[in-house]
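Generate the whole structure from the sequences, applying the supplied hints.
Residue numbers (numbering that gives the first Met the number 0): 0 to 153.
Keep in mind that the hints were calculated from the coordinates and are not lab data. Note that beta-carbon positions come from the ideal geometry of N, C-alpha and C, so glycine has one too. Worth double-checking, as some hints may not be accurate.
Here are the computed lysine to any residue pairs in the SDA-like style, where the Cα-Cα straight-line distance is at most 25 Å [stated by the list, open to error]: (1) Lys24 - Pro142; (2) Lys148 - Gly135; (3) Lys148 - Gly58; (4) Lys148 - Ser136; (5) Lys148 - Arg97; (6) Lys148 - Glu111.
With beta-carbon atoms standing in for the labels, derived distance ranges [to be verified]: (7) Trp139 - Met0: 22 to 32 Å; (8) Leu10 - Glu126: 27 to 37 Å; (9) Glu126 - Leu74: 13 to 23 Å.
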Amino acid sequence: MTLVMEQATDLHGGLLIDELRPEDKAEIWALSRRAPEQVIPWSIEASEDSVWAVSDDDGLVCIFGLYEPSPIGGLAAPWMLGTRRIARHPRELMRRSREFLDGAFRYYGRLENYVSRDHTSSVRYLEALGFRFQEGSTPWGSPYYRFWKDRDHV
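Following this line, the structure appears as structure tokens:
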């Protein structure tokens, strides 16, 4: 099955909201106390030109992107949310993720974000990509990892 990658649009965001895998939905709630309908459009908009939709023959697989929390500092936050179809393409998505991160390091010295400790498949994925982790918890008690990767450790 061939994967197609294209610039993500609001249409892709709507499809993702409808088909979001349960573990991503739980993570959004655990870390933000917001609904996917609030977080996904914001994530796409905040990522501007660095947001991509990946589809296979059956539909949307995932959306991933990179946003700058601040216009200074050389820091960007990578993110990915998927449908159940994401599990069909682990090798190809890993390859494309590595290429995406390599490209991001041309512009940023550090990539950093947060992942729910309960989202074990995402934690394993980030480990395989070489990210480092630090434990924490939200003010309401949801456990998370801050994950990061520096250009020097690529």
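Status of the hints after comparison with the structure:
1. Lys24 - Pro142: holds (15 Å)
2. Lys148 - Gly135: holds (17 Å)
3. Lys148 - Gly58: With a Cα-Cα distance of about 31 Å, the restraint between Lys148 and Gly58 is violated, given a limit of 25 Å.
4. Lys148 - Ser136: holds (20 Å)
5. Lys148 - Arg97: holds (12 Å)
6. Lys148 - Glu111: holds (7 Å)
7. Trp139 - Met0: 22 to 32 Å: violated (40 Å)
8. Leu10 - Glu126: 27 to 37 Å: Given a distance of about 32 Å, which is inside 27 to 37 Å, the answer is holds.
9. Glu126 - Leu74: 13 to 23 Å: Check passed, 21 Å falls within 13 to 23 Å.
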